[in-house]
Amino acid sequence: MTRQWTSFNIASVVLGFAFLYIPILLLIIYSFNASKLVTVWAGFSTKWYAAAFANLGLVDAAWVTFKVAIVSASVATVLGTMAAMALMRYTRFRGRFLFSGMIYAPLVMPEVITGLSLLLLFVAVGMERGITTVTLAHITFSMCFVAVVVQSRLASFDRSLEEAALDLGATPARTFFSITLPIIMPAVIAGWMLAFTLSLDDLVIAQFNSGPGATTLPMKIFSQVRLGVTPEINAVCTILVAIVTLGVIIASLSMKYNDVQRARAEQLAMQTK
Amino acid sequence: MGVLLPPRRAGVDIVSALQSIFKRATIWLPYLWLIVFFLAPFLLVAKLSVSEPAIAQPPYLPAMNWLDGPIGWWCDIKTFSISNYTFLTQDALYWKSYLSSVQIAFISTLLTLLIGFPLAYGMARAPRNLRPLLLMLVILPFWTSFLIRVYAWIGILKKEGLLNQFLIWAGVISEPLTIMNTNWAVYIGIVYSYLPFMVLPLYANLEKQDGTLLEAAADLGCSKVSAFWQITWPLSRPGVIAGCMLVFIPAVGEFVIPSLLGGSSTLMIGRTLFDEFFQNRDWPVSSAVAIILLLILIIPIMLFQKSEARAREQGA
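These protein sequence lines are chains L and D, in that order.
Quick note on numbering: this note's numbering labels position 21 of the first sequence as 21, and the sequence is numbered without any gaps.
In this note's numbering, each residue's number is its place in the second sequence (first place is 1) plus 273.
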């Protein structure tokens, strides 16, 4: 659509983004508030950050959350990429219908049901609830998100490259690692990041599947928020928002840089021909 | 016999064996994982929903013993009890929760469409070089924690919160509004959290629409407003359906938003299930609640899938 940008259009975009960003900005601003009352401004201070870092319960929870997120995102990325390959490349196998159903179902499954069902499994096999069970639960639902992200990349790229490699006698494994994987890498990285943030974020499934000693940061935040808003929690939230925003910006800049590099290399190749 | 084969042939066999191992592992590892951690737990929920509750650890009587063999299974099936399901119909809390979840999700979805459509429309008409930035700005909140975004609204909506302070300062109201712990706070929370889900499919659809259609309509004397309703709106139907389903489906089962922003009178089924499980410790009833919730969600999920399939066909 290339029609003029009317003032109505501009107003709705500005208002829409104001709605999306003002709450987070207020949260960040008030994390630097000197007053204990969250809604009364009493000057700039970083004392709540110091208080957050001194709160051992919060620091422990943050550590648990990061361990779970890194392990579950990494395993989910491997499994999700495999699942995407199975759905898009090795398409002929028995039970494919069930398989694709199981990839898509967790995406729309209410979290309370995913959490409850996994808990029942862990109880049925007599597994102690803790970091391991939370990690297993996170792998399960985030691998499906990874599969969908990677799958869309697999769908959009030129298959003749893979076919050429196979025709020239490369094994499927070799073809995957030296042709397919480098091409789908941006999607694999995006999938890892998505899985990481999903795990970092999850409250409901962790609540069902964690045990004593495995309190994650969202669980900690949730239990404190129920008692009321505190500037300390604002500070923790600001740190989390900063980490995620930085990660997303760095990732998208590096992808852009790679694209530019590739375009330049392609141009050079064309010139030397 | 294998020993007598020439060494080269054996090498080829190993390579082809490795190849098929690679392919098979790629299929079967994620497949098995999902069977163990998705399908089996789900069957356990279904099974538990027909079991009798018990004061034990875990708090239910097994409805089925897998080692009994087919005849034993049949005997077990005969002992299945639908008492958990009949309990759901008798206690008003449950059907009221289902009804009010669907209602809250429906109203929130409409509100999200009302805010999301102008936003997506404005983005689609923005100068071409500005669009990637705008798109990035819609996606960025999606990466920040859901819990934090909901939490941010508590400080804004509560009685002595920033919204009331602002409105009183601006002279719009003289008494603070009570929004926090009402259904309105839940609507705001859902609209805010799920707005990107609405905007992304709408934007994808609106951006692809052919601007010359509107020019043709204008040339033929059609007013801008009626051109919008006769051309843009019908063409954006797939985007509207996709966006609405992406908001409605997760909103029905929402737990975090009603428990942080809603009041004690805000009934939502996700919260009821959670309380049933953690406070009443009635696992069989919470399983039955979960099964019914899924049955309710099947209709919108099928609708969504159908519209997606149609969009894919048209795209191809």
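Read the hints as simulated data drawn from the structure, not as lab findings.
For every residue, glycine included, the Cβ atom is placed at its ideal position computed from N, Cα and C.
Hints are supplied without guarantee of correctness; some may be wrong.
Derived PhoX-like pairs: lysine-lysine, alpha-carbon spacing no greater than 25 Å straight-line [as the list claims (entries may be wrong)]:
#1 K36(L) x K481(D)
#2 K47(L) x K36(L)
#3 K220(L) x K36(L)
#4 K256(L) x K481(D)
#5 K481(D) x K320(D)
#6 K67(L) x K220(L)
If we take Cβ atoms under 10 Å as the criterion, some of the chain D residues that face chain L in the derived model are [said to hold, decoys possible]:
#7 L302
#8 Y424
#9 I429
#10 V445
#11 I446
#12 L450
#13 I452
#14 F550
#15 Q578
Now the stretches of chain L that chain D is said to cover, found in silico as 3 or more residues with beta-carbon under 8 Å [as the list claims (entries may be wrong)]:
#16 75-89
#17 102-113
#18 168-177
#19 197-206
#20 214-224
Problem - Violating hint indices (sorted, rising) - result: When the structure is compared with the hints, numbers 1, 5, 10, 11, 12 and 13 turn out to be violated.
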